Amino acid sequence: MTTELSSPVVADGTGPAPAIWTEGLTKRYGDLTAVDRLDLRIEPGEVFGLLGPNGAGKTTTILMLLGLSEPTGGLVRVAGLDPTRQPLEVKRRIGYVPDSVGFYGGMTGRWNLRYTAALNGLDRATAEERIERLVDEVGLADRADDKVRVYSRGMRQRLGIADALIKDPDVLILDEPTIGLDPHGADQVLGLVRRLAAERGVAVLLTSHLLGQVQAVCGRIGIFVRGRMVACGTVDELAAGHGGRLVVEVEVAGPADADVAALLRDVPDVVDVRREGTMWLVGAQRDVRLEIAERLREAGVTVVHLRRRAEELGRIYRRYFAVEGSDDIDQS
Amino acid sequence: MTSTSPDLSRGPTLRERAGVPVRRVGGRLRRELIRLSDRAARARTAGRRPAGWRTVAAKEFGDHLTSIRFVVLLVIIGLAGVAAVVAAAGFLRDAASQATDLPSPFLLLFTQSPERIPSFVALVGFLGPLLGIAFGFDAINQERSDQTLPRLVAQPIHRDDVVNGKFAAGLAVIGLTLVALVAVTAGIGIVRMGITPSAADALRLLLYLVVALVYIGVWLAFALLCSVLLRRPATAALVAIAAWLVFTLFATLLAGLLADGLGPSDEAGRARFEHTVSQVSPTTLYEDATAALLNPQVRSVGLLLPEQLDRAVPGTLPVGQSLLVVWPQVTALVAGCTLTFAAAYVAFLRQEVRA
Chain A
1 MTTELSSPVV ADGTGPAPAI WTEGLTKRYG DLTAVDRLDL RIEPGEVFGL LGPNGAGKTT
61 TILMLLGLSE PTGGLVRVAG LDPTRQPLEV KRRIGYVPDS VGFYGGMTGR WNLRYTAALN
121 GLDRATAEER IERLVDEVGL ADRADDKVRV YSRGMRQRLG IADALIKDPD VLILDEPTIG
181 LDPHGADQVL GLVRRLAAER GVAVLLTSHL LGQVQAVCGR IGIFVRGRMV ACGTVDELAA
241 GHGGRLVVEV EVAGPADADV AALLRDVPDV VDVRREGTMW LVGAQRDVRL EIAERLREAG
301 VTVVHLRRRA EELGRIYRRY FAVEGSDDID QS
Chain B
1 MTSTSPDLSR GPTLRERAGV PVRRVGGRLR RELIRLSDRA ARARTAGRRP AGWRTVAAKE
61 FGDHLTSIRF VVLLVIIGLA GVAAVVAAAG FLRDAASQAT DLPSPFLLLF TQSPERIPSF
121 VALVGFLGPL LGIAFGFDAI NQERSDQTLP RLVAQPIHRD DVVNGKFAAG LAVIGLTLVA
181 LVAVTAGIGI VRMGITPSAA DALRLLLYLV VALVYIGVWL AFALLCSVLL RRPATAALVA
241 IAAWLVFTLF ATLLAGLLAD GLGPSDEAGR ARFEHTVSQV SPTTLYEDAT AALLNPQVRS
301 VGLLLPEQLD RAVPGTLPVG QSLLVVWPQV TALVAGCTLT FAAAYVAFLR QEVRA
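First to last, the sequence lines map onto chains A and B. Heads up, the first sequence is in the working numbering, so the first residue is 1 and it goes up one at a time. Heads up, the second sequence is in the working numbering, so the first residue is 1 and it goes up one at a time.
Please note: incorrect hints may appear among the correct ones.
[Stated by the list, open to error] The list that follows gives simulated cross-link-like pairs (lysine to aspartate or glutamate, DMTMM-like), each with its CA atoms no further than 25 Å apart: (1) Lys59(B) with Glu132(A); (2) Lys59(B) with Glu129(A); (3) Lys147(A) with Asp170(A).
By construction, these hints were calculated from the structure, which means they are not laboratory data. Predicted model, so just to flag it, every value in this text is computed and none were measured.
With the rest of the complex left out, here is chain A (with noise of 0.2 Å):
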C-alpha cells in the first residue's frame, strides 16, 4: 500500500488546486469494499494510469469523482471541488468517456454532440464551432453526419472522445478507452489522449487493464487490486521497486528440491518465493542477495545464479493481477 500523500494537502489557496485529489476514499456495498482507503492526487496536464483487472473498483471510484456515487469515508476534490455537494459544478468541469461509451443509435454523430452541447448550456454558435473543430480534431469529419448505428468500435469511441471535449473540461476521465478496439483503432485513440493532454493541458485520467497501453501514454500509474492502490508511481518507479517488490532469481545446482524454497522463504523480509523454469524467483521487501548467498552457503547449497531483476512494469502487473486470486500473491 502507498502512501504517496503522507503530507496532507492544506487548502491555503496557494497554488493550482490538483485536478483531482483523494484521501482515504472508500465505498462500500454492504459487506463488499469496492474502495479501500483511495489517496490519490493527479495535477492539471498530467496523465494518469489506473491499471487493474475488471471489478478492482475503477469504474466506482470514477463515479464518486463525478458526484454519481456517494464515498462511504474519505474525501475527494476535483479541480478543488467537492463532487458530492457541488456535482454541476464539477460535471462541468469533467468531461467523462464511460466504458463502452453508448450513443443514441438513431440520430448522426453531429447530433448526438449537439445534445451533449444543449445539456452543457452551451449556445448555438459555440456549439457548432466546437462541434466542427472536434469530429476533425477526432478524425471524423467526413463521417459525422452518419448515423451513430453504423459506427464502429473505434469511431464510438473517438466520438466519445469528442463528446466528453464539448464541454472544454479541466479534466478528462477515460473508461477503459481501448476495449474492444483493434490495435490500430487502440493506437489512434491513445494517440489522440497523449495530443490533448500535450496541448490542451488538461489532466487525464484513464483506466485499463491493458499495460502496454497504459505505459504508453501515461506519467505515472497506479495499481489497483480488489479496490486497494497497491502501487503507484512513474514507470521507472515502478521498476525499481518503489511500491512494488524486489525479485532476486537464484538457481542452484542440483536438483531444486522443496528444502531450498524453505531455506529462501526463512531469510527475512521474503515474501514469496515461485518457480520459474529452473529459477527461484524470491519476492522481497529490499535487495536480500547476501543474506539468501550466505544462507545458501550455510546450507550447503551452491548458488550459479543470483541476480536482482530488472522489475519491468510487465512483471509488478502480472505479480499484482494476473495472479490475482492464487495463495502466492500477499497483499500485506
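Model the placement of chain B on the given structure of chain A, informed by the hints.
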C-alpha cells in the same frame, strides 16, 4: 472531518476545530443556506442556461414525434375516434329529429354511440393507456441498454432532470395527440351534424381533455416506473400491458367477484361496494369523471337508488357544478398520477448509475 481536511468550499468553523459538535439544527440551516446561495450563484453565472429537464424533454419530444410507434398509435386511435364520432353523428341525427330538447347535442357526439360501436370517450378510455405505455415503457431501460445513461448523467444536469424531462416529453406528446384528435373529430361532427358547440360545450371539452391527459398520465407514469425497475424494455412493456388489461377489462369483473364474496348481502349495498372497489381502477375514475363533465344532465356518479330519483326534476348543471360532482374522481386521478410518478422518480434516484 479532521483538521487537515482540505475542505475548499468552506473552512472548518472554530467549533469544529475545537472538536465541539455543531448543533444539528444549525448544521441543517447552514446546509440549506449553502444550497440556496449555490443556487443563486448558479443562476448568476449560468445566464441563459436552460434547465436540464427542458433540454432532455425537447430531445425526447422530437424522438417521440418521429418514432414509428407514434405514427402507428396516431393512425389506430385516430381511425377509431373518427369512426366512433361518424357513427355517433348518424345515430344522433336520427334521434335528434324526434327529440328537440337535447341539451348540448354537440357533446353527445363524444359520449353517445349506436350499439356495438364504443363512444369516443370509451375509446380513449380503452386505447389511451396504450399511448401512455408506448411513450414510457423504454424511457430509462433503453438508455441503460444503449449505455447512454452514464454519459447523460455525467453532464451538468441534476439526475432527476432525466426522469422529469422524459415524463414532460411524454405528457406533451400525449396532450398533442389528444388535442389533435378531439379537434379533428369535433370538426367532422360539426360538418356532419351541422351544429356548433356553445362556449360551455367548448369549456366542457377542454376540461375533458385535461382529465383524459391526467388519466393517460397515470399510465405514462406507471410505464416510466416499469422502465426504471425492469432492466429490459420488453419486460417493462409486458408488465405495463398486463396492468392495462387488468384495469380496463377485468376491473369490473374482479370488483363484482369481490363484492359477491365480501360485500353486504343486500342488493344496493352490494352494488355500492362493487362500485367503490372498481374505483381503484383509473379507467373507472376516468369514465365517471367524463360522464358528468360531458353531460350536463348527470348530477351524480355511481349508484343511484330509485328513491333518490323520486320526484327529481330533470335539469342541467352549469360547468362548475358538473366539475364539483366529479371532483373526487378528478382529485383521485391527479393523485394517482402524481404518486406513480413519485414512485418512478424515487426509484430512479435511488438506483446506482451502473447496473
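Each hint tested on the structure:
1. Lys59(B) with Glu132(A): Roughly 21 Å separates the two Cα atoms, so the pair holds.
2. Lys59(B) with Glu129(A): Distance ~21 Å between Lys59(B) and Glu129(A) Cα, so the pair holds.
3. Lys147(A) with Asp170(A): Measuring from Cα to Cα gives roughly 29 Å; hence the hint is violated.
In this structure, only the earlier hint numbered 3 is contradicted, and the remaining ones agree with it.
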